[in-house]
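Sequence lines, in order, name chains W and U. Residue numbers -2 to 363, in our numbering, belong to the letters of the first sequence in order. Residue numbers 2 to 280, in our numbering, belong to the letters of the second sequence in order.
Calculated from the structure, these hints are not laboratory results. The hints are all genuine.
Using 25 Å as the maximum straight-line C-alpha spacing, the simulated SDA-like pairs for lysine to any residue come out as follows:
hint	chain 1	residue 1	chain 2	residue 2
1	U	K133	W	Q270
2	U	K136	W	P278
3	W	K274	U	E104
4	W	K265	U	I117
5	W	K265	U	E74
6	W	K262	U	K119
7	W	K255	U	G19
8	W	K255	U	S76
9	W	K255	U	T48
10	U	K103	W	V253
Now the in silico label distances, taken between C-beta atoms and shown as ranges:
hint	chain 1	residue 1	chain 2	residue 2	range
11	U	P107	W	V201	44 to 52 Å
12	W	F194	U	E267	54 to 62 Å
13	W	V201	U	K112	54 to 62 Å
14	U	E64	W	D254	25 to 33 Å
15	W	N192	U	K111	42 to 50 Å
16	W	I30	U	K111	47 to 55 Å
17	U	E228	W	D254	39 to 47 Å
18	W	I30	U	N237	55 to 63 Å
19	U	K112	W	F198	45 to 53 Å
20	W	L349	U	L171	35 to 43 Å
21	W	D254	U	S277	55 to 63 Å
Positions of the beta carbon are idealized from the N, C-alpha and C atoms, including for glycine.
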Amino acid sequence: MEQEMVLKNENSLTSSLKQMLLKLTPSIKKDGIIKSLKNTGITLLSILLFIGLWQMGSKALYNKEANYRVEIALQEQGEAAAVAERACIESGDSTCQPNTLPSPSQVWASLQSLIADHKVIRADKAAFVEKMAVTNEKMISQGQDPIVYTGRASFVDIVLTSIKTVFAGFLLAMFIAVPIGIVIGLSPSLRSAFNWFIQIFKPVSPVVWYLLVFMIVKTLYIGDSSDNAFVISFISVGLCAMWATLVNTAMGVSSVDKDYINVAKVLKLGTFQKVFKVILPSSLPLIFTGLRITLSVAWMVLIAIELLAQSQGLGLFVWEEFQNGANDSNSKIIVAMFVIGIIGFLLDRLMLAVQNMVSFNKNEMA
Amino acid sequence: MAYLELNNIYKTYGEGDGSTEVLSNINLTMDEGEFVAIVGFTGSGKTTLVNLINGLLQPTSGEVLFKGVPVTETSHERGVIFQNYSLLPWLTVGQNIYMAVKEAFPKENKKALMEIVKNYVGMVNLSPAINKRPKELSGGMRQRVAVARALAMNPEMIIMDEPLGALDALTRGNLQDEILNIWSQDKRTALLITNDVDEGIYMADRIIPLKPGPNATLGPEFKIDIERPRDKTAMNDNPEYKKTRNSIIEYLMDIGDERKTVSDVEYKLPELTPKSFVA
Chain W
-2 MEQEMVLKNE NSLTSSLKQM LLKLTPSIKK DGIIKSLKNT GITLLSILLF IGLWQMGSKA
58 LYNKEANYRV EIALQEQGEA AAVAERACIE SGDSTCQPNT LPSPSQVWAS LQSLIADHKV
118 IRADKAAFVE KMAVTNEKMI SQGQDPIVYT GRASFVDIVL TSIKTVFAGF LLAMFIAVPI
178 GIVIGLSPSL RSAFNWFIQI FKPVSPVVWY LLVFMIVKTL YIGDSSDNAF VISFISVGLC
238 AMWATLVNTA MGVSSVDKDY INVAKVLKLG TFQKVFKVIL PSSLPLIFTG LRITLSVAWM
298 VLIAIELLAQ SQGLGLFVWE EFQNGANDSN SKIIVAMFVI GIIGFLLDRL MLAVQNMVSF
358 NKNEMA
Chain U
2 MAYLELNNIY KTYGEGDGST EVLSNINLTM DEGEFVAIVG FTGSGKTTLV NLINGLLQPT
62 SGEVLFKGVP VTETSHERGV IFQNYSLLPW LTVGQNIYMA VKEAFPKENK KALMEIVKNY
122 VGMVNLSPAI NKRPKELSGG MRQRVAVARA LAMNPEMIIM DEPLGALDAL TRGNLQDEIL
182 NIWSQDKRTA LLITNDVDEG IYMADRIIPL KPGPNATLGP EFKIDIERPR DKTAMNDNPE
242 YKKTRNSIIE YLMDIGDERK TVSDVEYKLP ELTPKSFVA
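Pulled out of the complex, with its shape left as it was, chain U reads as follows (with noise of 0.2 Å):
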C-alpha cells in the first residue's frame, strides 16, 4: 500500500459558467521515506495542490488517501511549511513555535514543551532570536521559523509549498541543506512544491512536472539517481545531473510552446492610416 495515493483527482473553482477547472485527472503515488518534488509554472495549480494534500480543500471528484485513509481534514501527521511563511505576527518565535507544539503534544507538560521548542529554535540556528517578533526578522529567517514550526510537531510527513521561493540563492542553499538534513535524520516522507528544477534535482527522489493550468496535470516523472548526500559544487559536473536537467527544462520548454500556441489568437488588426494635419 503507498503512503499517500492521489487518485483521479479534479478540482473545479467556483459553480456553473465561471467554473474553473484547476487540476485534472491528477495521479500520484508516493511511498514511506521518499522525497518528491512537483516543478512546475506560477499559477498552474501548485497551491491547490498543496491544500489538496494537506487537507485545507477536498477535491471536486478523486481521493487523496494517508495511509489507505481518505483526507478530509488537517492532520498533525502532516506537516505544512506555506510558501509565505503564515507566523502570526504578534507573537514571537518562540511563541509561534510553542503554540503549535501545545497542540500537537497536548499531554505533555510546558516544561517538556519548551524543550521541544528551544531544541527546533536551535536546529534552524534561531536561538538567539528566540523572543524576537517576525518583523524583527530577514524573510529567511522568518522562513526558518516557519520550517521549525512545522518540523517541532513531528509530522510523518513534511509538506512544502515553495518553501524557499522568495529568498536569495545563498539563503536558499543553506535552508535547502538544512531541511535535507532534517529529512534524513528521520526520515520523513517530504514531498516539495517548486518552480526551481535545480532545486528539484538537488533534493529530490523524484520529479514531477505540473503542466500549467487551467486542467494541470502531472507530467511524466523523472528519477534523479545521484547518491545522497549530494554535494552542490560537484554535481555541476554530473553526467546524470546534466543529463535529468537537460531532459526536464526541454520537457517544460516544450509544455511552455504548447500553452503559447494553444492560447495564441491572431487578431485581425484595423486598416488605419495616419490623418494628415497639415495640408
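The following block holds chain W by itself, in its conformation from the complex (with noise of 0.2 Å):
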C-alpha cells in the first residue's frame, strides 16, 4: 500500500510535468488567443525597436570611425590619399574597414560563418576518425592510447565545452553546499562557528577564486602533462557559486515552521526521522531557491574564469576573439553574447521548472 503512494506521487510528478508543458505551450482559450497575440506583438515589436535602435547606433559609430580614418589621411598624407581612403572604406575592402559595433546583420553573418565552420570542422573530424579507425584499433590492441583528433575546436564545441564545466561546477558546488548547509542549519553552535567563514569568503571575486584553484590543482597535476583547464575552472566555477546554495539551505533548514518541529516531537518522531521526513522536505524550496541562484551565478562567473584558465569555452572565445583584432571578430564576439545570454536564461527555466515541481506551496511561492 505504501507503494501504492509512492506510485501516486509519481503519478503527481507526471501530471505536473503535463502541467509545466502545458504553461509553456500558448494557451488556447478563446479569451487567451487575443491576449496572447497581443503579448507576442509587444514582444517582436520590441525587438524590432531594438534591432532598429542598434543599427542606427553602429551605423553612427561606422560613420564616425569613417570620417575620421579619412581626415587624418586628409591631414597627413593630402587629397589625393584622402580620396582613395574613402574609396577604399566604400568598396567593402577588409583591409581599411572602421573596427567598431557591428551591425545587426554583420553579426548575423557571423553566425551563419560560425555555424558553417562547425559544419566543415565536424566533417573534418568524422574524416580523421575513420582514416585513424584502423591504426587505433591496432594500437588498443597493443595497448598504446588511440590517436584523438586535435584540431581546432568548432563554435559549438565551445559551447559544449562552457555548458559541460557549468554543470560540473554547478554539481560540485550543490554537493559541497547542501550537506554542509544541512549540517549547519541543524546546530546554532556550528551556524556561529562556520558564519565568519561564509561572511568573509562569500564575497571573494571570481579571479581570486580561480588564482586559489590553480594554486592547488597546479600543484596536485605536477608532473602530469594532462590539460587541467577544465578542472580548474570548473572547481573555481563551483566555488564561487556555491554560497548562495549554502547560506539558503542553512536558512531553509533552521527556520523550519515550529509546528512541524512539534508535530515532530508529539509523533516522537527519531532525528534521523525528524531530519529527512519533517525538515529536509520543508526546507526544499529555500534550497532550490538557492540551487537556481547557484546556477545562474556559475554561469555568469564562468566566462571570466574560463578565459583566465583557457579552457576552451565561450570566455576563451570571446578572448580571443578581441585579441585576434580580425575584421569579423567584433561580429563574433556579439554573437558569443547572445549566445551566453540564451543559454543562460533557458538554464534559468530550467531551474525554476524543477524549483516548482519540488516546492509544495506553489501559491505561497508565486
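The task is to assemble the complex, starting from two chains supplied on their own in separate frames and drawing on the hints.
Following this line, the structure appears as C-alpha cells:
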C-alpha cells in the first residue's frame, strides 16, 4: 500500500510535468488568443525596435570612425590619399574597414559563418576518425592510447565545453553546499562557528577563486602533462557559485515552521526521521531557490574563469576574438554574447521548472 | 489516584526583568474517561497550558502528573490535535496519518498499518481524499485529518487545543459530533480547550474557565449534568443547560470586566486650543 502511495506520487509528478508543458505552450482559450497575440506582438515590436536602434547606433559609430580615418589621411598625406581612403572604405575592402560596433546584419553573417565553420570541422573530424579507425584499433590492441582528433574546436564544441563546465561546477557546488548547509542549519553552535568563514569567503571575486584553485590544482597535477584547464575552471566555478545554496540551505533548515517541529515531537520521531521526513522536505523550496541562484551565478562567472584558465569555452573564445582583431571578430563577440545570454536564460528556466516541481506550496511561492 | 493531575503549575516566559508569568497556580485533576473543557479568552495562555500537559513545554514550577508519573516529554499515550492542524503539506492525507501510525505501532507490518490508516480516514469521512495533499482540502477537511491522525495513534487521552476554532458553524457542529462519537466509543479521556462556551457545554462533563493572563489561573468549575447523548436542538430548551450557560457567561463577563478595570489607566489630556489661521 505504501508502494501504491509511491506510485501515486509518480503519477502526480508526471501530471505536474504535463501541467508544466501546458504552461509553456501558449494557451488555446478563446480569450487567451487575443491576449497572447497582443503579447507576442508587443515582444516582436520591442525586438524590432531594439534591432533598429542597434542598426542606427552602429551606423553612427561606423561613420564617425570612417570620417576620422579620411580626415587623418587628408591631414597627413593630402587630398589624393583622402579620396583613396574614402573609396577604399566604401568599396568594402577588408583592409580599411572601421573596426567598431558591428551592425545586426554583420552579426547575423558571423553566426552563419560560425555554423558553416562548425560543419567543416565536424566533417573534418569524421574523416579523421574514419581514417584512423584501423590504426587506432591496432594501437588499442597493443595497449597504447588511441590517436584522437586535436584540431581546432568549432563554435558548437566551445559552447558545449562551457555548458559541461558549468554543470560540473554546479554539481560540485551542490554536493558541497547542501550537506554543509544542512549540518550548520541544524546546529546553532556550528552555525556561529562557520559564520565568519561564510561571511569572509562569500564576497571573494571569481578571479581570486580561480587563482586559489590554480595554486592547488597546479601542484596536485605536477608532473602530469594532461590539460587541467577544465578541472581548474569547473572547481573555481563551483566554489564561486556555491554560497547562495549554502546560505539558503542553512536558513531553510534552521527556520522550519515550529508547528512541524511540534508535530515531530508529538509523534516522537527519531532524529534521523525528523531530519529526513520533516526538516528537509520543508526546506526544499528554499534549497532549490539557492540552487537556482547558484546556477545563474555559475554561468555568469564561468566566462571570466574560462578566460583565465584558458579552457576551450565561450570565455576564451570571446577573449581570443578580441585579441585577434580580425574584421569579423567584433561581430563574433556579439554572437557569443547572445549565445551566453540565451543559454543563461534557458538554464534559469530549467531550474525554475525543477523548483516548481519540488515545492509543495506553489501558491505561496508565486 | 487521579488520571491527570496538575499541581501548583507556574509557567514564566523569558528571564529577569523581561519575564512574564503566563500561568500561575494552576491546579486540575481529571479522572479516567472524563471529558473536561477549559474555556478562556484568546491570549489567556490556553495553548501554553496544553503544551504543558502534552509535554512540549515544562512548567517553571509545579508538576504535571499523568497516571502518577511526572510528564517530562511527549508521549504516544497523549494524542494532540493542534489549533492550526499542523499537517505536513508535502505528504498526502494517507501519508500524514501513516507517519503517525508507524511511530505509534513500530512492530506492526505495513499492511496492518495501512489498514489502520484506512480505518481512521474512513471514520472522519475522508476516504475519497486519502491521496490528496492538505492544500487541496478545505479547512474542515484538514481539521478532520488532524483528528484522524491524533486518534489513529490510539492514545489513552486526547488533548484538543481549540480544534474547531477556525471552522464555520455547520462544519463545527458536525465535527463536534464526530469527536464525541469516537470519544464515547472507546471511552478515552479528553481535554478540550475552547473559546466557545456552547461547545464546552455540548461536549464536556465539566467546564473550567481560565482567567485571562498574564498570571492566568483556573476559575471555579461548572458541572454539566445533561444526559448523553445530547441533542443540540433539544438542549436549547433544557433548563439545566440555560442555567449553566448563563452562570458561565456571567462569570466570564465578570472577570472580563475585572480585567478592564484593572487595566483602566486614566490619561491626563493636555489642554489644547485650535489655532486660528484666519484672523
